[in-house]
Amino acid sequence: QKEVEQNSGPLSVPEGAIASLNCTYSDRGSQSFFWYRQYSGKSPELIMSIYSNGDKEDGRFTAQLNKASQYVSLLIRDSQPSDSATYLCAASFGNEKLTFGTGTRLTIIP
Amino acid sequence: DGGITQSPKYLFRKEGQNVTLSCEQNLNHDAMYWYRQDPGQGLRLIYYSQIVNDFQKGDIAEGYSVSREKKESFPLTVTSAQKNPTAFYLCASSIGYRDTGELFFGEGSRLTVL
Chain Z
1 QKEVEQNSGP LSVPEGAIAS LNCTYSDRGS QSFFWYRQYS GKSPELIMSI YSNGDKEDGR
61 FTAQLNKASQ YVSLLIRDSQ PSDSATYLCA ASFGNEKLTF GTGTRLTIIP
Chain E
1001 DGGITQSPKY LFRKEGQNVT LSCEQNLNHD AMYWYRQDPG QGLRLIYYSQ IVNDFQKGDI
1061 AEGYSVSREK KESFPLTVTS AQKNPTAFYL CASSIGYRDT GELFFGEGSR LTVL
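Chains as they are written, first to last, in this note's numbering: chain Z, 1 to 110; chain E, 1001 to 1114.
For reference, chain E alone in the conformation it holds in the complex (with noise of 0.2 Å):
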């Protein structure tokens, strides 16, 4: 079945400590995405790519980083110089840039700092 897969599920972390998010897609999509949830938030675009070797800042870059060395693969990495990383993260693709709007969601990784 095509889908994307986030891995961990459940993460905890201690101040201080980087943390690497995974996000595979095997549904052919140039375009991918990281998004940040906080409870009663909507979504909050981290990162996103258009094509392999390729990656923008979204609205909140600060304190992450990200790579797109395949088309496949998205990691996130949350740095410690993020703040407040305790959120629900969700990456997503969309066939291409121009289909920027539907976009097809992982599972999603929930990230708890200690």
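The following block holds chain Z by itself, in its conformation from the complex (with noise of 0.2 Å):
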């Protein structure tokens, strides 16, 4: 059974700082990764796909990927109150189905 796990939280961090996600996956083999944010009540959004070791900069939003810790995280920089969402942590391996996380409920405080 492929399992992505996340700490469901809440993590809530001032506005302005760093907001850390962490994500780890059971399945050595996954190879595509993705951040999903979902508001209160309303559908899924992708905001990062990373699919090789490092680091993938978007705007204000990092993911860093760890195949050998098995590890994939998020950062957003300056957070803002509209980034008060879940944030749901995906895998894939081949073109097969993602398995998706719980996710982890982020409140940024003014």
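Careful, some of the hints might be misleading.
Stated by the list, open to error - Which chain Z residues stay away from chain E? Per the calculated CB distances, all over 10 Å, these:
| no. | residue |
| --- | --- |
| 1 | 14 |
| 2 | 26 |
| 3 | 27 |
| 4 | 29 |
| 5 | 32 |
| 6 | 56 |
| 7 | 71 |
| 8 | 81 |
| 9 | 82 |
| 10 | 83 |
| 11 | 88 |
| 12 | 98 |
| 13 | 108 |
As the list claims (entries may be wrong) - In silico DSS-like pairs for lysine-lysine, Cα to Cα no more than 27 Å straight-line:
| no. | chain 1 | residue 1 | chain 2 | residue 2 |
| --- | --- | --- | --- | --- |
| 14 | E | 1009 | E | 1057 |
| 15 | E | 1083 | E | 1009 |
| 16 | Z | 56 | Z | 2 |
| 17 | Z | 67 | Z | 2 |
| 18 | Z | 97 | E | 1014 |
| 19 | E | 1071 | E | 1057 |
| 20 | E | 1009 | Z | 42 |
| 21 | Z | 56 | E | 1009 |
| 22 | Z | 2 | E | 1083 |
| 23 | Z | 97 | E | 1009 |
| 24 | Z | 67 | Z | 56 |
| 25 | Z | 97 | Z | 42 |
| 26 | E | 1070 | Z | 97 |
| 27 | Z | 42 | E | 1014 |
| 28 | Z | 97 | Z | 56 |
| 29 | E | 1070 | E | 1009 |
| 30 | E | 1057 | Z | 42 |
| 31 | Z | 97 | Z | 2 |
| 32 | E | 1083 | E | 1057 |
| 33 | E | 1070 | E | 1057 |
| 34 | Z | 42 | Z | 67 |
| 35 | Z | 42 | E | 1083 |
| 36 | E | 1014 | E | 1057 |
| 37 | E | 1057 | Z | 2 |
| 38 | E | 1014 | E | 1083 |
| 39 | Z | 97 | E | 1057 |
| 40 | E | 1014 | E | 1071 |
Simulated from the structure, these hints should not be mistaken for laboratory data.
Beta carbons: idealized from backbone N, C-alpha and C, even for Gly.
Hey, can you piece these two chains together into the complex? The hints should help.
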């Protein structure tokens, strides 16, 4: 059974600080990793994808992947109240279907 | 605007009734998916379709049925055999099945069984 684990939170971060969200996965063969943001009562939205070891930056978001340690993280710099949401980590192997984690609820405190 | 339209947004059902949730996309995507989300849970895959007239069971297909007669449409029927159908149902699509991680979601349908 392939698993993706996340701390459910809530994670509270002051406005302007860096929010760090972490995710571990069980399948060492997983190749592709994704972060989705889901506002309360809404559907998920893809914000980052990462396929190789290292960092990938997109605006205030940085995804980090370490395949040897089987973890992937998402950093949000200069956190804003609009970043308050649940963040879902997902992993896939080849063309296989995605496996989602249960999500981390992030609250940015003004 | 391109996107995925799900309807209805809210649905109430009595026990023993079948209901059908609609999902239509105008993104010209080949692959479509149905997920279920329960409070505090991740997304669980019900069914997926890579091409027209073909679909596969996901992790929790029991009590559900789908069809894919047109590229744009992938309706989900929640049958009376589904023992705990109250949930948030999400339809998604991807360009192709090789892009399985990059999903576009509809706004969801919230089903409540009375």
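Against the structure, the hints:
1. With 10 Å as the threshold on Cβ separation, the claim that residue 14 of chain Z sits away from chain E holds: the shortest Cβ distance comes to roughly 25 Å.
2. Distance check for residue 26 of chain Z against chain E: the nearest CB is about 14 Å away, which clears 10 Å, and the non-interface claim stands.
3. Non-interface status of residue 27 of chain Z relative to chain E is upheld: no Cβ of that chain comes within 10 Å, the nearest being about 14 Å off.
4. In this structure residue 29 of chain Z is separated from chain E by more than 10 Å, as the shortest Cβ-Cβ distance comes to about 14 Å.
5. Not every CB of chain E lies more than 10 Å from the CB of residue 32 of chain Z, the least distance being 5 Å, so the non-interface label is violated.
6. Non-interface status of residue 56 of chain Z relative to chain E is upheld: no Cβ of that chain comes within 10 Å, the nearest being about 14 Å off.
7. The claim that residue 71 of chain Z lies off the interface holds: its Cβ sits roughly 17 Å from the closest Cβ of chain E, which is beyond the 10 Å cut-off.
8. Residue 81 of chain Z, annotated as away from the interface, keeps every beta carbon of chain E farther than 10 Å; the closest lies near 23 Å.
9. Chain E leaves residue 82 of chain Z outside its interface by the beta-carbon criterion, the shortest separation being 19 Å against a cut-off of 10 Å.
10. No Cβ of chain E approaches the Cβ of residue 83 of chain Z within 10 Å, the least distance being about 19 Å, so the stated non-interface status holds.
11. Chain E draws residue 88 of chain Z into its interface by the beta-carbon criterion, the shortest separation being 7 Å against a cut-off of 10 Å.
12. With a cut of 10 Å on Cβ distances, residue 98 of chain Z falls inside the contact zone with chain E, its closest approach being about 6 Å.
13. The claim that residue 108 of chain Z lies off the interface holds: its Cβ sits roughly 20 Å from the closest Cβ of chain E, which is beyond the 10 Å cut-off.
14. For the hint linking residue 1009 of chain E to residue 1057 of chain E, the alpha-carbon distance of about 24 Å falls within 27 Å, and the restraint holds.
15. Between the alpha carbons of residue 1083 of chain E and residue 1009 of chain E the distance comes to roughly 21 Å, so the proposed pair stays at or under 27 Å and holds.
16. Annotation: proposed proximity of residue 56 of chain Z to residue 2 of chain Z holds, straight-line Cα distance about 24 Å (limit 27 Å).
17. About 15 Å separates the Cα atoms of residue 67 of chain Z and residue 2 of chain Z, which keeps this hinted pair within 27 Å; it holds.
18. Simply put, residue 97 of chain Z and residue 1014 of chain E have alpha-carbon atoms about 32 Å apart, too far for the 27 Å limit, and the pair is violated.
19. Annotation: proposed proximity of residue 1071 of chain E to residue 1057 of chain E holds, straight-line Cα distance about 18 Å (limit 27 Å).
20. Restraint check for residue 1009 of chain E and residue 42 of chain Z: satisfied, since their Cα atoms lie roughly 11 Å apart, inside the 27 Å limit.
21. Among the hinted pairs, residue 56 of chain Z with residue 1009 of chain E is inconsistent with the structure: their alpha-carbon atoms are about 35 Å apart, more than 27 Å.
22. A C-alpha spacing of about 25 Å is found between residue 2 of chain Z and residue 1083 of chain E, which places the hinted pair at or below 27 Å, so the restraint holds.
23. For the proposed pair residue 97 of chain Z and residue 1009 of chain E, the alpha carbon gap of about 26 Å is at most 27 Å, so the pair holds.
24. Our distance criterion of 27 Å between C-alpha atoms is met by residue 67 of chain Z and residue 56 of chain Z, whose separation comes to about 14 Å.
25. Of the supplied pair hints, the one linking residue 97 of chain Z and residue 42 of chain Z holds, its CA atoms being roughly 22 Å apart against a limit of 27 Å.
26. Proximity of residue 1070 of chain E to residue 97 of chain Z is assessed by CA-CA distance (about 22 Å); at most 27 Å being required, the pair is judged to hold.
27. Proposed proximity of residue 42 of chain Z and residue 1014 of chain E is supported: the alpha carbons are some 25 Å apart, at most 27 Å.
28. This hinted pair checks out: residue 97 of chain Z and residue 56 of chain Z have alpha carbons roughly 23 Å apart, not beyond 27 Å.
29. Using a Cα cut-off of 27 Å, the hinted pair residue 1070 of chain E and residue 1009 of chain E holds, with the two alpha carbons roughly 22 Å apart.
30. Between residue 1057 of chain E and residue 42 of chain Z, the direct Cα distance comes to roughly 25 Å. Compliance with the 27 Å bound is thereby established for this hinted pair.
31. Taking the CA atoms of residue 97 of chain Z and residue 2 of chain Z, the gap is near 11 Å; set against the 27 Å cutoff, the hint holds.
32. Taking the CA atoms of residue 1083 of chain E and residue 1057 of chain E, the gap is about 17 Å. The hint holds against a cut of 27 Å.
33. At roughly 18 Å between alpha-carbon atoms, residue 1070 of chain E and residue 1057 of chain E fall within 27 Å of each other, so this suggested pair holds.
34. For the proposed pair residue 42 of chain Z and residue 67 of chain Z, the alpha carbon gap of about 31 Å is over 27 Å, so the pair is violated.
35. Of the supplied pair hints, the one linking residue 42 of chain Z and residue 1083 of chain E holds, its CA atoms being roughly 25 Å apart against a limit of 27 Å.
36. Taking the CA atoms of residue 1014 of chain E and residue 1057 of chain E, the gap is near 25 Å; set against the 27 Å cutoff, the hint holds.
37. Note on residue 1057 of chain E and residue 2 of chain Z: the hinted pairing holds, with a Cα-Cα distance of about 17 Å set against a maximum of 27 Å.
38. About 12 Å separates the Cα atoms of residue 1014 of chain E and residue 1083 of chain E, which keeps this hinted pair within 27 Å; it holds.
39. Restraint check: the Cα-Cα separation between residue 97 of chain Z and residue 1057 of chain E comes to about 11 Å, which is no more than 27 Å; the hinted pair holds.
40. About 31 Å separates the Cα atoms of residue 1014 of chain E and residue 1071 of chain E, which puts this hinted pair outside 27 Å; it is violated.
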